[in-house]
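> Turn these sequences into a full structure, and let the hints steer you where they fit.
The chain contents come next:
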Amino acid sequence: MDPGAIAFQLIIGIATAMLYWIVSSGLTFTFGVTRILNFAHGAFYMLGAYFTLTFFEVIGNYMVALLVGSLLVGLIGAGCERAFISKIYHLPVPFQLVLTFGLILIFEDMVRMVWGAVPRMMMAQFTGSLSVFGRTLPMFSIYIIIAGVLIALLLYYVLSRTYWGMQIRAITADPEMAMCCGLNPSFLYATAFMFGAFLAGLGGGLTLPISSAAPGMGENIIIYAFIVTVIGGLGSIKGAFISALIIGIIEALGAFFVPWLAIALPYIALSAVLLLRPEGIFGEV
Amino acid sequence: MPPEEISRRDFLKYTAAFGAGLLIGGGVGYSLKKPEVQVVPKEAPVVGEKKLKDTIKIGHIAIFSGPFGTYGELQKRGSQLAMEEINAAGGIMGSKVEIIYRDSAAKPAEAVKQVRSLVENEGCDFIIGIDSSGVVLGVAEVMPEVNKLLFVTHAATHRLTEDLVYKKGIKEVFRLAVPVYQDGIMAAFIAAQLPATRWAAVHPDYEYGYASWELFQKTLSKLRPDVEFVAEAWAKIGTTDFTPYISSVMEKKPDGIHTVEWGVDLFTFVRQAKQMGLFDAVKYDGGYAWINPMGYSIDAMEALKTEYPEGCWISGRYVWPYPDTALNRKFVKAHLDKWGHYPAYSGETSYTAVYLIKKLIELTQTLDIDTHIKALEDMVVYSPAGARLIRKEDHQAVYEVPYGQVKHDPNYPIPVLENLKAMPAQMYYKKPPFDEVPPFTK
Chain A
0 MDPGAIAFQL IIGIATAMLY WIVSSGLTFT FGVTRILNFA HGAFYMLGAY
50 FTLTFFEVIG NYMVALLVGS LLVGLIGAGC ERAFISKIYH LPVPFQLVLT
100 FGLILIFEDM VRMVWGAVPR MMMAQFTGSL SVFGRTLPMF SIYIIIAGVL
150 IALLLYYVLS RTYWGMQIRA ITADPEMAMC CGLNPSFLYA TAFMFGAFLA
200 GLGGGLTLPI SSAAPGMGEN IIIYAFIVTV IGGLGSIKGA FISALIIGII
250 EALGAFFVPW LAIALPYIAL SAVLLLRPEG IFGEV
Chain B
0 MPPEEISRRD FLKYTAAFGA GLLIGGGVGY SLKKPEVQVV PKEAPVVGEK
50 KLKDTIKIGH IAIFSGPFGT YGELQKRGSQ LAMEEINAAG GIMGSKVEII
100 YRDSAAKPAE AVKQVRSLVE NEGCDFIIGI DSSGVVLGVA EVMPEVNKLL
150 FVTHAATHRL TEDLVYKKGI KEVFRLAVPV YQDGIMAAFI AAQLPATRWA
200 AVHPDYEYGY ASWELFQKTL SKLRPDVEFV AEAWAKIGTT DFTPYISSVM
250 EKKPDGIHTV EWGVDLFTFV RQAKQMGLFD AVKYDGGYAW INPMGYSIDA
300 MEALKTEYPE GCWISGRYVW PYPDTALNRK FVKAHLDKWG HYPAYSGETS
350 YTAVYLIKKL IELTQTLDID THIKALEDMV VYSPAGARLI RKEDHQAVYE
400 VPYGQVKHDP NYPIPVLENL KAMPAQMYYK KPPFDEVPPF TK
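Residue numbers (numbering that gives the first Met the number 0), protein chains in the order written: chain A, 0 to 284; chain B, 0 to 441.
Calculated directly from the structure, the hints in this document are not laboratory data.
The structure displayed is predicted, hence computed values, not measured ones.
Built from N, CA and C at the ideal position, the CB exists for glycine as well.
Take every hint as true, because none was put in to throw you off.
Now the stretches of chain A that chain B is said to cover, found in silico as 3 or more residues with beta-carbon under 8 Å:
id	segment
1	5 to 11
2	112 to 120
3	136 to 145
4	204 to 217
5	256 to 264
Straight-line distance between alpha carbons at most 25 Å, and here's what the computed DMTMM-like set of lysine to aspartate or glutamate pairs gives:
id	chain 1	residue 1	chain 2	residue 2
6	B	Lys106	A	Asp108
7	B	Lys337	A	Asp108
8	B	Lys106	A	Glu218
9	B	Lys304	A	Glu56
10	B	Lys112	A	Glu218
11	B	Lys251	A	Asp1
12	B	Lys235	A	Glu218
Right, dumping it as structure tokens:
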């Protein structure tokens with residue numbers, strides 16, 4: 000067995016992992032703060048891709064389009080939180096599922112009305128490749144890895160170094176005490192939801208150059224995001240990062256060693272974690 | 000090389016078949032006053048016309064939501080065009096045609112629910128459509144129970160016609176689209192002519208992928224005993240990142256790729272494969288040893304445009320440039336005029352399905368299912384895709400669709416096909432009792 004092949008497959012796996020991490024980060028963050036299991040996360044991911052596509056066609060600069068597009072998704076997220084989500088914080092979980100699932104249907108049909116049913120592709124970005132272990136590593140894998148690490152650093156910085164981040168941590172740790180100290184929960188929940196939607200939009204915009212924008216494009220990746228989030232521990236950002244790495248790498252090595260089993264491996268990992276440690280690797284009971 | 004190895008007896012047989020085809024086709028062609036879907040009746044139609052009911056209702060089930068929702072739209076363009084043409088010309092013996100569209104959501108249970116609702120609540124007389132192989136197997140099972148005919152316009156698994164119609168005897172199901180024989184067997188006949196000897200697969204992980212790859216390997220092994228099958232990758236439907244699959248396959252140093260990826264997955268796969276150098280790995284003098292049976296799907300061509308490398312071998316369940324007949328030219332033009340897009344393969348099959356229903360009713364003057372089945376078996380349907388023989392045993396429409404190489408032509412909004420290669424359908428469609436994979440020895 001060529002060790003270069005396995006090392007190369009590991010790098011590819013890390014790139015795949017970063018893709019999963021980017022999408023799961025917002026999902027787990029939103030849940031950690033608001034305790035809302037947001038199925039519409041995939042819809043925000045889709046909107047991120049479409050907004051980036053459209054802004055790119057107008058502005059011509061991918062990075063600017065990505066940022067503007069994701070921010071717009073964040074605003075839409077905040078709007079959804081104020082208009083709908085904020086009404087169901089006190090209701091049982093099934094209400095969250097129905098409501099956020101309804102949002103998916105609405106956004107998907109809106110996308111179909113505005114952009115049409117035919118999937119759209121953006122001009123390829125980050126083309127070219129590097130030679131690594133004598134194999135071709137595409138630039139977009141490197142770019143996804145960099146983007147994933149940057150998002151991890153951004154989350155770390157925002158949560159540990161900014162005033163807003165400290166408030167978020169306070170209200171997550173002890174909502175009642177935080178309110179007694181004068182924190183505004185409506186504001187914090189809305190902005191937390193906005194930040195989660197922003198991360199979802201960023202994920203959609205980031206994957207656009209390597210795939211395409213299509214109605215319902217978030218359906219598959221959101222399943223992986225849920226697997227990652229549950230394995231890592233619902234609400235744990237560190238857990239999501241680690242479990243995304245696990246899932247990405249076992250998928251890549253699985254494709255290499257046991258191709259017929261590759262797509263089942265993430266589910267097997269999920270089952271194993273649920274059996275052995277139902278709260279997830281970094282989850283709290 | 001192998002297609003050249005046909006025995007003299009086979010040659011005579013095919014020549015005879017070809018001659019018979021010409022005779023029938025010529026006869027039909029001669030009798031045509033205007034280019035329109037026609038059928039060759041086995042018996043002279045009953046004289047006299049009476050209106051059977053005010054509205055003939057057709058339920059059209061396809062995928063209208065999710066990432067593959069385009070496929071419903073592509074089908075709808077065909078069936079709606081046919082409906083409007085027919086209604087503008089007076090309907091079916093005075094009856095108006097109405098099509099009710101329903102979303103299968105690519106789920107068997109949902110499609111079955113829609114069939115029941117279309118028949119029981121909407122009073123549909125026929126069901127057409129169905130996109131996915133997984134879905135069609137579920138739907139076929141309920142057709143005898145609802146007692147309506149189903150014309151399948153897209154789903155390709157050979158298990159539908161071989162197992163459910165031929166072996167199990169579900170007579171209510173007919174398929175107008177080419178089965179997976181196009182994706183596996185015909186693909187192997189193309190592959191056999193290429194220099195590649197180390198073939199690898201990148202397929203969607205479900206029925207269609209497995210069936211295509213199995214037939215491809217069986218046929219190609221017979222045609223070219225020197226080839227090896229070195230790697231396979233099974234990606235989930237809706238995969239965003241194909242890189243782990245591409246790198247795994249490339250590690251085995253293939254010089255030929257067989258892939259039945261379609262829809263959005265195909266766009267993602269082609270883009271990522273290009274950047275990882277998978278196309279370069281399978282390049283040969285005359286193009287790429289890259290066979291993608293459903294590559295000439297209109298959505299793929301419109302999305303990928305020049306990004307799909309020139310020289311790859313692709314096909315469809317119909318490709319708009321073939322055959323060059325007055326009827327096909329008229330259909331392509333009408334489709335372009337109405338929708339601003341070239342017809343997709345499932346657009347043609349849906350268009351033909353609606354017209355076939357019209358001709359069937361006019362021919363039999365009834366809505367009786369048993370009479371319809373009897374009339375359809377062994378019927379020849381003259382359609383935009385050419386002459387289709389509806390085989391009696393398995394209710395499969397037998398017609399050929401060519402493969403061609405991608406060519407970027409600035410005169411067209413989408414890539415065109417060059418170097419078209421077609422073969423008589425009888426040579427590569429498995430035949431009852433389906434125990435042998437082509438090339439046939441007996």
